[in-house]
Amino acid sequence: MTLSATAISWRKSSARYFTTCKGAACMLKAESFTFSATPMVSAAPLRPLTSIAAFKNTAVDLEAALGVALPTTAVGITCNDVLYLWAGPYSWLALGAAPTILAAVSPYAAITDQTDGRSIFHIAGPHATEALAKLVPIDLHESVFPLNGTALTLAGHIPVQLWREGEVFALACFRSFAQSLYASLIEACREFEG
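Counted from 1, the sequence shown has number 1260 at position 172 by this note's numbering; the numbering is strictly sequential.
Hints in this document: simulated from the structure, not taken from any laboratory.
As the structure is a prediction and not an experimental result, all values here were calculated from the model.
Glycine is no exception: its CB is placed at the ideal position from the N, C-alpha and C atoms.
It is possible that some hints are incorrect.
Said to hold, decoys possible - Each pair of labels, with its calculated beta carbon distance range: (1) 1148 x 1222: 24 to 30 Å; (2) 1177 x 1281: 34 to 40 Å; (3) 1135 x 1247: 19 to 25 Å; (4) 1155 x 1230: 18 to 24 Å; (5) 1149 x 1281: 44 to 50 Å; (6) 1124 x 1148: 44 to 50 Å; (7) 1151 x 1279: 42 to 48 Å.
Generate coordinates for the entire structure from the input sequences, incorporating the hints supplied.
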């Protein structure tokens, strides 16, 4: 039997090569960047952020353990100072949830701490909707995107979860996109900050 060139090539390159650095030094520290607040744009204060993904056929038990009816559509609800944002079918983001509360629901859902993995920015002011309209491809009018409304969308080229808390819009993005999102928000607001 004769080996083909492909088989020989495969054998020569069978050593695995990983580009991900191992150890604590491979990730930037949360304090690495500073974002200067402007009249319209600010970095949200750091608070616990947790991803909750219900296991199959456990949504009812999950809600009972949390003591809240979790949203099944693109809205957020607040219960016991925790904001639960819909993030897809049987998935939610919990802002401000204590680890002890979330430990109680671990038999019913995959719980993942996202506090250090995401950055949240607030955009506020009378022209916040107009500034965001430059970046997001969704209708932000109050009749379509009401108080506590949420959406998984893009802000420019960056995937974000967007929600409305009163007169403030909040955008959560992966931390690696934070500087780019911040720059995009500052640019979108520039004409309104005079």
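Evaluation of the provided hints:
no.	hint	in the structure
1	1148 x 1222: 24 to 30 Å	violated, 42 Å
2	1177 x 1281: 34 to 40 Å	holds, 39 Å
3	1135 x 1247: 19 to 25 Å	holds, 21 Å
4	1155 x 1230: 18 to 24 Å	violated, 30 Å
5	1149 x 1281: 44 to 50 Å	holds, 48 Å
6	1124 x 1148: 44 to 50 Å	holds, 46 Å
7	1151 x 1279: 42 to 48 Å	holds, 44 Å
In this structure, the hints that do not hold are numbers 1 and 4, in rising order.
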